[in-house]
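Peer 1: Dock chain B against chain A, hints included.
As given, the protein sequences belong to chains A and B, one line each in that order. Counting from 1, one number per residue, gives the positions in the first sequence under this note's numbering. Counting from 1001, one number per residue, gives the positions in the second sequence under this note's numbering.
In short, the hints are calculated from the structure, not lab data. You may find that some hints are simply not true.
Example chain A residues on the side facing chain B (calculated, C-beta under 7 Å, incomplete) [said to hold, decoys possible]: (1) E77; (2) A96; (3) A112.
What follows is a list of derived Cβ distance ranges for each label pair [said to hold, decoys possible]: (4) A:D212 / B:V1310: 54 to 64 Å; (5) A:R40 / B:V1310: 28 to 38 Å; (6) A:A204 / B:R1198: 51 to 61 Å.
Heads up, the beta-carbon is just placed ideally off N, CA and C, and yes, glycines get one too.
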Amino acid sequence: MLTKGNSQIASLSRLVAALVATACGAPADRPGASTSDSSRADLRIVAVTHGVSANPFWSVVINGLDDAARDLGVRVEYQAPNTFDMVAMSEMIDAAVASRPDGLVVSIPDPAALGASIRAAVEVGIPVVTINSGGDVSASLGALAHVGQAEYDAGFGGGERLAQAGARRVLCVNQEVGNAALDTRCQGLTDALAEHNVPVSVLAVELADPEDTRQRVAGALLADPTIDGILTLGTTAAEPALAALRDLGRVGTVRLGTFDLSTEVLESIRDGEIDFAIDQQQYLQGYLPVVLLVLFIETGTVPGGGRAIPTGPGFVTIETAQQVMDLTRRGVR
Amino acid sequence: MSRREAGIFTRPFLRPGAAAAVGAVLIWLLFAGAAGSAFRSMAGTASYLNAAAPLGILAVGVALLMIGGEFDLSVGSIVGVSGMSVMLLTTELGWSLWPAIAGTVVLCLLIGFLNGLTVVRTQLPSFIVTLATLFMVRGLTIAAARGFTRRTQLGGLDEVAGYELARAAFGSAPVAGLRISIAWWLGCAALATWVLLRTPWGNWILAAGGQPEAARNVGVRVGRVKIGLFMTSALCACLVGIIQAVRFSGADALRGQLQEFYAIIAVVIGGTLLTGGYGTVIGAVFGALIFGMVRQGIVMSGIDADWFQVCLGAMLLLAVFVNRYVLLRAQRAS
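The following block holds chain A by itself, in its conformation from the complex (with noise of 0.2 Å):
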């Protein structure tokens, strides 16, 4: 009973809402903007992460998301699954299709979990956008886009800023050996490198273990005194490759970037012991999707045809280093 009364106020609110924008929509000059307002109010979008709204990195993805929703003026709500469970993550896109939003936003960690739920959506005629990982898989599950960083485009970044620092040998860093997004940027590393004659090699560390990392890294640049350049594919190896660059009486001799922010990267960019970060620039994964779904809805238009969209990759240097780290502050960053 509740419901259906709620559903003939709702219909009722909807009757008078086009009366008043009859009444008030004057006559032929724009007619078709107050409605397309009043549409836009009853846009319900759900957004279904892997991320924890409690993890730093995705709570700047749903400011972009906030943001946008208040910017145009739509619902955007946002759920995930409060662990890595991608069981619970597909059961909980089940319940957003059967709510019939009308658009979708997912991120795709694990294809196979996710495959069938996301398909379902598309099939039952929800707009779906991808966002942040599963790129490979977006076009084929149906999405209409994919918003997020080309890990390759991003590896390959990071080797021609390294190429232009000076260095001629250099380490790629991985914490996560067998993660393919983590490989594919150091091949993009490497490939880029290679235009520029220098070698690269891999050196496998443990995620969890700073200390092993630290003398890891060093124990490297002992064997290798040649190498001049490292690049790290997250904050939790660089932090422990600048240990050990301060330990060696290296900083700054060895040019050294990383992917992604944190507190003390951004810091060590300003003091200059760190030459640059690769940004995915996260809150745009957020913000752009709205937009994207807003603009298909409306006007049936999609960018690039489908194709990914990269978010990233942006270069915080140490004339950036400041600024991004107000905007840290401020939750867009």
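Peer 2: Below, chain B alone, put in the same frame as chain A:
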């Protein structure tokens, strides 16, 4: 309130699990209002039943074990190891799927047996023993996955011989989006209820949980009963792991995390006492159903998923209050 009034109005509720059934109806009404037609639609119904089924299967095993007076915190890790075991046996060692499933079942039964044997022999609290198993089994799962493949997410089960039949048995959705796992859930629950209410085993389980000394004195082999119960809960977890591996055509070393707590919550919401000797499997079925409805209903009604954990904790507390009240009334009435 006089005893007679208690008889007329409250006797139907003075059964373990009845409060959970009433709770399930109330929660359904709540979300049918809040989430509107989505929750009442076939797709919505399928979505919460599908979400409840794996937890429901776990809860059947955990309920029997808790009625028998013990905990099993290792079920989530067993879900993880069973999926990974199926994947490694097939894709790395080249077994075909059905022998791999059989081997995985043996592995799970062995883990359950070791849990039970350790608890019975050492008289240590099962909470501690199975907490240790939780970490060891999870760690071994991750180590084995990385050792064999350098990855923790494996796919490609659909290319293994025997997959078609396994898909039909474990991973299909034969009717209107309803998954076959719901049939497994209800089948397990029916079997467990029958054992509990209609066989001598049921009496032994209740006695082992409620009055272990008295049970021993009348000749119940409490140790064997408990070891059997640990193996049963491991088997239920194994079934969930196999269902998920087949359905998603792959495994993830992290699968099943936190499920041990969700299963205990479902069982407690279902009216089973933490102290053992009192409870039903039917109650656990409703407990899992409530869990599924709340988790999916929150998404469908557009409430932030952060609130799910708040609801879960609140429901657990409420269930414990209701259970204690019902138990006191039942004792007074008898």
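Peer 1: With reference to the structure, classify each hint as holding or not holding.
Peer 2: Against the structure, the hints:
{"no.": "1", "hint": "E77", "in the structure": "holds, 5 Å"}
{"no.": "2", "hint": "A96", "in the structure": "holds, 6 Å"}
{"no.": "3", "hint": "A112", "in the structure": "holds, 4 Å"}
{"no.": "4", "hint": "A:D212 / B:V1310: 54 to 64 Å", "in the structure": "violated, 39 Å"}
{"no.": "5", "hint": "A:R40 / B:V1310: 28 to 38 Å", "in the structure": "holds, 31 Å"}
{"no.": "6", "hint": "A:A204 / B:R1198: 51 to 61 Å", "in the structure": "holds, 58 Å"}
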